[in-house]
Amino acid sequence: MKRLFPILSVLTAALLAYALYQALVVAPTDAQQGDVYRIIYYHVPSAWTAFLLFLINFVASIVYLIRRNQKADVVALVCAEVGVVFCTVVLITGPIWARPVWGIWWAPGDIRLTSTLVMWLIYVSYLVLRRFSTSAQTQMLAAALAVFGALDVPLVYFSIWFFRTQHPQPVIGGGGSMDPRMLHVLLINWLAFLCFAFLVCWSRFRLELLHREVEEAHAMQSLAGDALAGNGVGAKASVPLSRSSK
Amino acid sequence: MNAIKFLFAAYIVTWVIHSFYLGSLVRRFSRLREQLKELGKK
Amino acid sequence: MTSLWALTLATLRKDIRLEWRSKDALNSMLFFSLLVVVIFAFAFDPLAEESRHIAGGLIWVAFLFAAVVALNQTWARELRNQVLDAYRVSPAPANALFLAKALGNFLFVSVLEALMTPLFVVFYNLHVLGPAWQLIPIAILGTWALVVNGTFFAAMSLRTRSREIMLPLLLFPISIPAVLGMVAGTTAVLTGDNSAHFYIVLLLTYDVVFTTACLLLFETILHAE
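Chains as they are written, first to last, in the working numbering: chain W, 77 to 322; chain R, 42 to 83; chain B, 28 to 252.
Hints are computed from structural coordinates only; laboratory data are not their basis. Using N, Cα and C, we set each Cβ at its ideal position, and we do this for glycine too. Check before you lean on any hint, since a few could be wrong.
[Claimed, not checked] Once the Cα atoms are required to be at most 25 Å apart in a straight line, the calculated SDA-like pairs of lysine to any residue come out as: (1) W/Lys-147 to B/Lys-41; (2) B/Lys-41 to B/Val-138; (3) W/Lys-78 to R/Ile-45; (4) W/Lys-78 to R/Ser-71; (5) B/Lys-41 to B/Ala-121; (6) R/Lys-82 to W/His-294; (7) R/Lys-78 to W/Ser-279; (8) R/Lys-82 to W/Lys-147.
[Claimed, not checked] Over the 12 Å line for every Cβ pair with chain W, so calculated as not near, a few chain B residues: (9) Ala-37; (10) Ala-68; (11) Ala-70; (12) Asp-72; (13) Ala-103; (14) Glu-105; (15) Val-116; (16) Leu-134; (17) Val-155; (18) Leu-185; (19) Pro-195; (20) Leu-198; (21) Ile-201; (22) Ala-211; (23) Phe-225; (24) Thr-239.
[Stated by the list, open to error] Listed next, with one range per pair, are the computed distances between beta-carbon atoms: (25) B/Pro-164 to W/Trp-178: 44 to 52 Å; (26) R/Phe-70 to B/Gly-84: 55 to 63 Å; (27) R/Glu-79 to B/Ser-189: 47 to 55 Å; (28) B/Glu-77 to R/Val-54: 50 to 58 Å; (29) R/Lys-82 to W/Leu-227: 45 to 53 Å; (30) B/Asn-152 to W/Trp-237: 29 to 37 Å; (31) B/Arg-115 to W/Arg-143: 50 to 58 Å; (32) W/Met-296 to B/Arg-115: 26 to 34 Å.
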């Protein structure tokens, strides 16, 4: 298993490089937007990847609520965190694309970018809850919040959609069909980013397992320390252990 | 063309963001391994 | 075996009685609401032509902030006297407690809204160009949307550091579709430019979805220590 990771990393790096080449060189120039449109090959795959990760978070959270499976909880956390990273990329490349093409950084009625912003806010609040919660049941609270967040996403989409039909605004990112060659390059880039996302999630997963192992070891040690110092009623506080804080 | 600057800015920003995140993972990994070693000694 | 409703009403009545006797929270909340309206009147010129277009947004933002201050206190009394522990142990359904708290908050926030609205009308010289009766379902559904999730998240925030900031931090993102519905709906009615129908349906859908979610998950939250 451990040898697999470096091999996959090299393969993924190669795939990303190939996808970049496709995006910059092979894909045809857009008739209206010129070469700037190539931002799409990073912007859209990042968005699709983020949505997929948040979907996995939703499923994992439900599994956790029903079964209390620890692995499911770790998957939920990992997917939320990596999803937020990809979502950040979407939110920054979006305006960078909008500015030269449509002359504006942001349009509140732009349904995709605005929905993505709200999703970003929801999952950041999920991560904040996980960090700030002092409860022994943090995982359960977070799973409940994840369910709420996922239920909210379609509502966000439709509310902005209707608002837009009443207040026509520029649509960033365009609509309509795509040249099949461009679609081809888009899918290649998506595949490359999916592989990259998988590796990042895998790393984060291992990190979280290591983190929980260390927490457990700390807990065990403090229990052992108490036992040594004598933990009958009225015993004083045990020998202070050197505990490296986060 | 001025617009190309935006294209490169977008690509660079993407990898900057990912680098920051990966860097934070590496840092957390090494810190945890250190802690584990310390705990192992005791 | 007492029914869910009987329990809910009993708890609600107790809360109202306690609140009425102390009047602490009530008075400070009323004054806070007045302050918010005044600050907004200074910040956003009421005489401007567009005031009718932005009044909807201003009113609901003011209500939102007032609601958050009220919601933060939802569970304070229960925490102080270890009532929550008693509830966990009792055979009473957790939903009775949740509904009682949510209804109590709803009444409380509605009182605040009823007081702030005339102030807004006065400061902004508002008169309604569209069908005014539509403001009632918008107000009821919108307030419930804020209160039902707010009560739930307030319970969640109990077990976090920085409890007071945690509530709005969790509530605001999730409430965005509801806020859009309230604001756009109110603006539609005030200006008479559009129909508020869709927004009322949106708010109704939002309320149904999240009330169900809260009722399903509250017991889980209550038992988290």
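In rising order, the numbers of the hints this structure does not comply with: Failing hints, ascending: 1, 3, 8, 18, 19, 20, 21, 22, 23, 24, 25, 26, 27, 28 and 31.
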